[in-house]
Every structure is written in C-alpha cells, then in structure tokens.
Amino acid sequence: EEAVVSVANKPSIFIVRNNRAILDHIRVGRRLDRKVEVLSYRLKRDDMIVTKGHKNLVDNANVRIIRREGG
Numbered sequence: 187e188e189a190v191v192s193v194a195n196k197p198s199i200f201i202v203r204n205n206r207a208i209l210d211h212i213r214v215g216r217r218l219d220r221k222v223e224v225l226s227y228r229l230k231r232d233d234m235i236v237t238k239g240h241k242n243l244v245d246n247a248n249v250r251i252i253r254r255e256g257g
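Going by the working numbering, the first residue of the sequence shown is number 187, and it counts up by one from there.
Be careful, since some hints might not be right.
[Unchecked claim] As a list, the in silico BS3-like pairs of lysine-lysine whose alpha-carbon atoms are at most 25 Å apart:
#1 196 / 238
#2 196 / 221
#3 241 / 196
Think of the hints as simulated: they come from the structure by calculation, not from any bench.
With the hints as constraints, model all of the structure from the sequences given.
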C-alpha cells in the first residue's frame, strides 16, 4: 500500500528500470491489512517498485537505490 500514489487522480506506482522511475497507472485489486493487489500490464515479477520518497517523483526521473527490501 505504501508504494501506491495518486497521479492525475489515478492510482499509480513507480517501477525502477535502468536507474529510472517509470510511472505506471494501475488498478488496485484486493486489499488485506496494509497490502494491496496491484493490477498492471507493465509490472513484471522481479521489478523493483519505489516505496520511499516517491511522493515528489516524476516519470522517467533518475533514481538511486538506497536499500532493497522485500522479495
């Protein structure tokens, strides 16, 4: 849930590819506690998504990974 932001009033995430934050408008599926199901055609199984500092990101911005979490 912490990775989902609203961009142009649409639920969105930022996917990290080649040290860039790629904006992806998504659909939110099921919710359980603080977790949500993200429905996206662009998101792939091993993609990293931005969970911190993403409120001020813009599409295609350069990013630097500080710490990788989850799995």
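Index of numbered hints that the structure contradicts, given in increasing order: Per hint list: zero violations.
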